[in-house]
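Participant: Sequence:
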Amino acid sequence: MPTYKMPSGKWYCSFYYKDWTGKRRRKKKEGFPTKRQAQAFERDFLQNRAAVPTLPFTALADAYLADAKARVKPQTYKPMIIMIYKHLIPFFGNMPVSEITSLAVNHWQTALIEKHLSKAYTLTVRGLLRSILGYAVKYYGLPRNPAALAERLPPAHKHNIHIWTLADFRRFALLLKDPDDLIAFYLLFWTGMRCGEMLALTWQDVSFSRSTIRINKTLYRLDGKDLINTTKTTASDRTVPIPAFLAAMLADYKRLSYTYDTARIAPMTAQTLRLRLYAVAHRAGVPHIRLHDLRHSHASMLIHAHCSPVEVADRLGHRNANITLSVYSHMYQQERNTITTRLESLK
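Under the numbering used here, the residue at position 103 of the sequence shown is numbered 103, and the numbers go up by one with no gaps.
Don't read these hints as lab results, they were simulated from the structure.
One or more hints might be untrue.
Claimed, not checked - 27 Å max Cα-Cα, derived DSS-like pairs, lysine-lysine:
#, residue 1, residue 2
1, K73, K177
2, K225, K69
3, K73, K254
4, K29, K5
5, K138, K73
6, K5, K28
7, K115, K86
8, K177, K69
9, K18, K28
10, K27, K10
11, K29, K10
12, K5, K27
13, K138, K23
14, K35, K18
15, K27, K138
16, K225, K86
17, K119, K78
18, K115, K78
19, K138, K69
20, K119, K86
21, K115, K138
22, K119, K35
What the hints assert, rightly or not - Computed beta-carbon distance windows for the label pairs:
#, residue 1, residue 2, range
23, S118, F245, 38 to 44 Å
24, F208, L149, 56 to 62 Å
25, R170, P267, 24 to 30 Å
26, D44, T230, 45 to 51 Å
27, T202, R170, 23 to 29 Å
28, L275, S209, 32 to 38 Å
29, T54, M6, 23 to 29 Å
30, A120, I81, 16 to 22 Å
31, G93, L149, 17 to 23 Å
32, T212, P179, 30 to 36 Å
On a predicted model such as this, the values are computed, not experimentally measured, just so you know.
Where is the CB? At the ideal position from N, CA and C, for every residue including glycine.
Turn these sequences into a full structure, and let the hints steer you where they fit.
Facilitator: In structure tokens form, the structure reads like this:
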């Protein structure tokens with residue numbers, strides 16, 4: 001190992017190495033009391049730090065965003081930009097990636113917690129940091145992901161699922177005066193589709209001969225514009241059978257609307273539906289729920305009708321039955337508890 005003694009009696013090392021870009025560079029370090037310490041520094045540097053990326057975090061974040069833009073949907077990409085520049089750049093800034101330690105991540109997490117954001121949002125931002133640093137591990141030679149080694153944040157509490165019974169929905173629907181509102185809420189409650197999926201439906205997606213609805217796209221709002229994109233996941237592309245009465249309602253609604261096949265069935269926004277839901281539910285005296293809870297209400301009906309997790313997953317567009325069970329396990333447990341009662345009645 002090339003170590004040299006200085007006139008002062010101390011030692012220094014001077015050697016060449018390849019950096020994280022593959023470029024050959026020279027490293028010199030002076031002031032070691034002994035030759036052995038100078039050699040140990042060189043050995044440690046070459047083994048652990050020579051190829052570590054020295055690019056600043058801002059450059060890494062920009063590279064990550066450029067890659068993500070081609071892979072994620074616009075409605076996902078824009079929140080990523082906001083989270084990076086609001087919660088990551090102010091802390092890590094131009095800090096070299098090689099200097100981001102698990103301790104630094106812990107300090108950042110503490111600062112993030114002190115902002116009193118929701119637990120779910122905090123976990124999302126932390127997950128984004130871990131993903132960015134994982135990108136550096138995969139493509140820039142970072143030896144390990146410091147976010148993966150940092151202290152774990154406590155899990156977010158799951159939102160309580162609020163549902164409407166069929167009686168609740170009927171009380172609500174009786175007060176709907178606008179046919180547009182009526183058909184929109186019937187579709188949400190009786191199919192379990194996501195709000196964006198329902199808003200993206202056109203008449204071409206409805207088969208009156210088969211009494212089915214094809215779900216293969218979703219509507220979202222970005223920068224004040226309504227945009228159509230693919231569904232949330234590939235499993236979300238599905239064809240949903242609908243009850244005969246709902247097919248008849250749709251046929252009447254189409255006939256009275258004098259519309260064309262490529263037109264959206266429910267030409268409104270989620271915010272309009274949300275305001276209508278809250279106002280009419282209050283007048284009807286039914287529990288206050290979110291739009292997404294209509295999907296949960298549909299799932300509850302299926303479960304109480306003894307549909308299996310696989311059947312529910314297929315209808316709701318879940319990737320697999322495990323997702324269904326993770327969301328609705330308490331409902332299935334309630335169904336299991338009724339088995340004992342049914343067995344008792346057989347005595």
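Participant: Evaluate the given range 56 to 62 Å for the C-beta pair formed by F208 and L149.
Facilitator: Taking Cβ atoms as reference, F208 and L149 lie about 58 Å apart, which means the hint holds.
Participant: Is K119 close enough to K35, meaning Cα to Cα at most 27 Å?
Facilitator: 52 Å, violated
Participant: Need the status of pair K119, K86: alpha-carbon distance at most 27 Å?
Facilitator: 17 Å, holds
Participant: Note whether the CB distance of T212 and P179 lies within 30 to 36 Å or breaks it.
Facilitator: 22 Å, violated
Participant: Need the status of pair K35, K18: alpha-carbon distance at most 27 Å?
Facilitator: Satisfied, since the Cα-Cα distance of roughly 24 Å is no more than 27 Å.
Participant: Does K78 lie within 27 Å of K115 when you go C-alpha to C-alpha?
Facilitator: 21 Å, holds
Participant: Is the straight-line distance between the alpha-carbon of K225 and that of K86 27 Å or less?
Facilitator: 24 Å, holds
Participant: If you check the beta carbons of D44 and T230, does the distance land in 45 to 51 Å?
Facilitator: 49 Å, holds
Participant: Are the Cα atoms of K138 and K69 separated by 27 Å or less?
Facilitator: With a Cα-Cα distance of about 18 Å, the restraint between K138 and K69 holds, given a limit of 27 Å.
Participant: If you draw a straight line from the CA of K29 to the CA of K10, is it 27 Å or shorter?
Facilitator: 11 Å, holds
Participant: Under the criterion that the straight-line Cα-Cα distance not exceed 27 Å, is the pair K225, K69 satisfied?
Facilitator: 19 Å, holds
Participant: Quickly compare the C-alpha distance for K5 and K27 to 27 Å and report which way the hint goes.
Facilitator: Answer holds: K5 to K27 is near 16 Å, not above 27 Å.
Consistency with the previously given hints fails for numbers 1, 3, 8, 21, 22, 32, ordered from lowest to highest.
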